[in-house]
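K.L.:
My request is simple: use the sequences and hints to build the entire structure.
For the sequence shown, our numbering gives the first residue as 1, with consecutive numbering after it.
I should point out that these hints are in silico values taken from the structure, not numbers from a laboratory. Please note: incorrect hints may appear among the correct ones.
[Said to hold, decoys possible] Derived Cβ-Cβ restraints for the label pairs, each shown as a range:
| no. | residue 1 | residue 2 | range |
| --- | --- | --- | --- |
| 1 | Gly9 | Pro102 | 46 to 54 Å |
| 2 | Asp181 | Asn101 | 31 to 39 Å |
| 3 | Asn101 | Arg169 | 22 to 30 Å |
| 4 | Thr104 | Gly65 | 32 to 40 Å |
All C-beta atoms, glycine included, are put in the ideal place defined by N, C-alpha and C.
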Amino acid sequence: ARFLISSLGYGDRVATLTTISTPHLGSRVADTALGILPGAAEEVLGFFVDLLVGGVVGSEQDVIGQLYQLTEEFAVGSFNPANPDDPRVAYYSVAGVTQTNPFTNPFTRGLCDPLLLIGYLVLRPTGANDGLVTVESARHGVFLGTVPADHLDEVGQLFGSTALGFSHRGFYRNLARFLTDPGAPAPI
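P.N.:
Here it is, written out as C-alpha cells:
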C-alpha cells in the first residue's frame with residue numbers, strides 16, 4: 001500500500017493508510033530465517049507459505065525473495081527511502097503484543113500461537129512483539145497503540161478465533177468508524 005501511494009503516485013486517491021503490525025523497519029524473524037535456511041528447508045517453508053496464504057502447493061513461491069523484502073536491511077535501506085510518505089495521506093499504525101506465560105493476564109496480552117513461538121522468542125530480546133513484528137517496527141505515522149493479540153489473532157486466524165482480550169471484528173469496526181467519522185474515538 002505504501003508503494004502504491006508513493007511510487008505509483010496514488011496519493012491523490014487515498015485518504016488514509018492504516019497498517020496493522022506491518023514491519024516498517026523489517027523483521028528480525030526474516031533476517032534469522034534467511035540466515036538458517038539451507039536448500040531443502042526453503043521448499044518446506046514454501047509449502048507452509050502456500051498453505052497459510054492459500055496458494056497452490058508446488059506453485060513455485062519465491063520464499064527467499066519474499067523473506068528478503070521483510071528484512072531489516074531491505075526495509076530501512078531500500079524500501080523506506082524509495083517510498084516516502086505522501087503529505088496528502090494520513091498514516092496510522094497499530095501493533096500487536098503477545099506473550100508465552102499462560103498465567104499472565106490474557107486480556108492485556110494474548111497468548112502466543114504455537115506457530116509463532118519461534119518468532120516470538122527471536123524478537124523477545126528486542127522488545128514487545130506479536131510473534132513476527134516488534135512494536136517498534138510496526139510504528140508508522142500516528143501510532144494508535146497496541147492490541148493484545150499475536151500476528152495471527154490480529155486478523156482472526158486461525159479459523160476465526162482470536163485472543164481472549166481481543167475481538168478482531170470489533171477492532172476493525174471501531175477502526176473503520178474512527179477513520180470515517182471525525183468525532184469517533186480511536187479504536188484502542
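K.L.:
Each of the hints needs a verdict: does it hold here or not?
P.N.:
Taking the hints in turn, this is what the structure says about them:
A C-beta distance of roughly 48 Å is found between Gly9 and Pro102, which places it inside the suggested range of 46 to 54 Å. Take Asp181 and Asn101: their Cβ atoms lie about 38 Å apart, and the range 31 to 39 Å holds. Distance hint check: the CB atoms of Asn101 and Arg169 are about 26 Å apart, consistent with the given range 22 to 30 Å. In this structure, Thr104 and Gly65 meet the distance hint of 32 to 40 Å, their C-beta atoms being roughly 38 Å apart.
Every hint from the earlier list agrees with this structure, and none is contradicted.
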